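> Residue numbers (the working numbering), protein chains in the order written: chain X, 63 to 327; chain A, 63 to 327; chain R, 63 to 327.
Keep in mind that the hints were calculated from the coordinates and are not lab data.
Please read these numbers as outputs of a predicted model, since none were measured by experiment.
Even glycine gets a Cβ: it sits at the ideal position worked out from N, Cα and C.
Incorrect hints may appear among the rest.
Said to hold, decoys possible - Just so you have them, the derived chain X footprint on chain A, three or more residues with Cβ under 8 Å:
#1 91 to 101
#2 114 to 122
#3 244 to 258
#4 283 to 297
To be verified - Across the chosen pairs, the derived CB separations fall in these ranges:
#5 Glu-209(R) - Arg-222(X): 28 to 36 Å
#6 Asn-204(A) - Gln-286(R): 23 to 31 Å
#7 Val-260(X) - His-314(R): 32 to 40 Å
#8 Thr-141(A) - His-314(X): 31 to 39 Å
#9 Ser-219(R) - Arg-234(X): 20 to 28 Å
#10 Asn-255(A) - His-92(X): 48 to 56 Å
As the list claims (entries may be wrong) - In silico lysine to aspartate or glutamate, DMTMM-like type, Cα no more than 20 Å apart, as pairs:
#11 Lys-95(A) - Glu-322(R)
#12 Lys-316(X) - Glu-206(X)
#13 Lys-95(A) - Glu-221(A)
#14 Lys-316(X) - Asp-100(X)
#15 Lys-95(X) - Glu-206(X)
#16 Lys-95(R) - Asp-100(X)
#17 Lys-95(X) - Asp-100(A)
#18 Lys-316(R) - Asp-227(R)
#19 Lys-316(A) - Asp-158(A)
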Amino acid sequence: MREAPLVFLLTDFGIRDPYVAQMKAVILSHAPKAHIVDYTHHVRPFDIVQAGFFLWSGFAYFPQGSVIVAVVDPGVGTTRRIVLVAYHNRIIIAPDNGLTGLLLPEDGRGVRVFAAHVDQAATSRTFHGRDVFAPLAARVINGERLETLGEEIPPASLERSTWADSGRQGNRIWTHVLHVDGFGNCLLGLCINQWEGVLGKVRVLKGHPWGEGVIPVATYNDLQPGQTGILAGSQGVYELCMCQSSAARALHLKPGNRVELEVIS
Amino acid sequence: MREAPLVFLLTDFGIRDPYVAQMKAVILSHAPKAHIVDYTHHVRPFDIVQAGFFLWSGFAYFPQGSVIVAVVDPGVGTTRRIVLVAYHNRIIIAPDNGLTGLLLPEDGRGVRVFAAHVDQAATSRTFHGRDVFAPLAARVINGERLETLGEEIPPASLERSTWADSGRQGNRIWTHVLHVDGFGNCLLGLCINQWEGVLGKVRVLKGHPWGEGVIPVATYNDLQPGQTGILAGSQGVYELCMCQSSAARALHLKPGNRVELEVIS
Amino acid sequence: MREAPLVFLLTDFGIRDPYVAQMKAVILSHAPKAHIVDYTHHVRPFDIVQAGFFLWSGFAYFPQGSVIVAVVDPGVGTTRRIVLVAYHNRIIIAPDNGLTGLLLPEDGRGVRVFAAHVDQAATSRTFHGRDVFAPLAARVINGERLETLGEEIPPASLERSTWADSGRQGNRIWTHVLHVDGFGNCLLGLCINQWEGVLGKVRVLKGHPWGEGVIPVATYNDLQPGQTGILAGSQGVYELCMCQSSAARALHLKPGNRVELEVIS
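The whole structure should be built from the sequences, with the hints applied where relevant.
Here it is in structure tokens:
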């Protein structure tokens, strides 16, 4: 145990409500030395794909030994399981709803999963983040063994999730906007590792008013004002971008929108 | 004194400004071991009722020994007092404007209140959060006795505050929306403890375009898409809600709006 | 070295993205005892003047020994330098783009500046906040000497920046809105220290629909509902304000808008 175990919180609670703070208060009641960091609380409500993307894109940066509590939980109040996932010397606590699907290898190598023993007496007065996830996180932080906190289950039994619908047919690639960041960059569901060979080539986008004007660039500053670029971004996926301007606003794109690319061979 | 005394900040400052951070900087200048947690900074500007509700709903979750600094202060710059309130082994620092009214028992049992000795030489350049509340909080965190920081006054001399206007006449219950949370749930000024016997029964809402369709439920997932429910929520009050959708948007409700319920006997 | 060196983060990243959290994760990976405080992440995208203003207005409140990491960086991806600035027993890490211009004395007295040794192999996958600034901050926090982290350069070689365009001609003073805070107060580019003699006198504002009705006040509560005041505010500049109401909304002012005052002698 390090002196101040790091806990990253990833939720769709926002911060206008005291919900996140109540989770923190409970964690700190039971694990006073926890060092809590907000990963983000601005996942779109109930958007498991976006939450899974954030978990995937940030995972390598969480220090070894970190605990990640991810509560994006449209199934709250149903019988969905809560799982404890040990992977690469970090522990994730999350509802079993596909949130970890992008991160974990399909063959389950290096993954151990435990279905948490959870009090089923929850009522509508139960705020699961505060009353279920936070006490569980505190026990993990305090060094309790996962074996005592849940029943081990095969990684293959986890709910599956994939990248937001995307694929290729001939010279067409289609995908969706996963996330629009604060600068208006549109992060696409195209993982760099998977698409690098293809998207390294010149390409155009079809079926949009912005027509053919998308330029592959190496940095935002390679673009002139008004130009739209596509680059391999810092979050591990391709992004549509402009220089010091919002591509989302210029292109009228929002999370969930479909985007088509045409590969020029 | 625990090693890292917990300090919860509750303000209407938002986080787009550096105001909260300047408070933290001053607290940490004087009390370097303080462990500061944002409760929320998104109280509606000057909304004492909402701030008092948040203080009430979260109080039991603050660890014993916590200090809560609540700065929602429409009277800043007037002669309003600043009070230090000891209650259930926690200390609240707040302007004396009714903010603690929901939390504290009317008979003052278990409550001690001190009117803080405050420098009255404040000018327009004084940011009370940073220049008055933060140094006071640091002294409390550092273990100074409340007796040295202020003059004890009777709890009954505190400004009063009550739940946002609500009540019952015959089979009609009327109340107001206290808060709309990030999911669009409408938290009503109906404390569960007080209204449980009444609202446990079937009921309808009158005088709204959404007519009679409000269903008492035990969990959000008991609702079909489009249905509106009412449930005893995790913040201690009744909520109007929908399943994975915003009740506030569907019902055109905002904080402060009046809501009427009809009890079916 | 204090036990938990304080690090203040000032960026235009917002908090809806996991960018800030990834910076924190990297800092804490390399400097586990760092105590990180968000100064603000809501600088308007690429607004160096606003960021420089926030740095200036808060600087005196950062405890001695603090490290301030300021990443508002329109030139990211170009050859702009990253500088380490030692001033008044605090260290600022920032791009060399004028961000420190308001804070540092023109003659460079008491200032030492180092151009950081930075890996120039950055690609579009590099997130400079996370991959360049955060590791550099960790090394500073861990007590590495600035001499080993960069090459000393003359303070006079830093990019310059001044207050947003403002000045006086006869009895006219013109300036711009630097910032609109969460209460709707309009912070002007008029430093109190510089303008105090002038603006202490009665004045009117010209060329606006709100005409002549601006009242110099000592506190927000000196104003009646609907009245607009001007006061010497807590952030070191003059502010246009109203009592418990948004001056920005009433006067239709936004950051960057030009404002004219007329001095009455």
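> So which of the earlier hints does this model not fit?
5, 6, 7, 8, 9, 10, 11, 12, 13, 14 and 19
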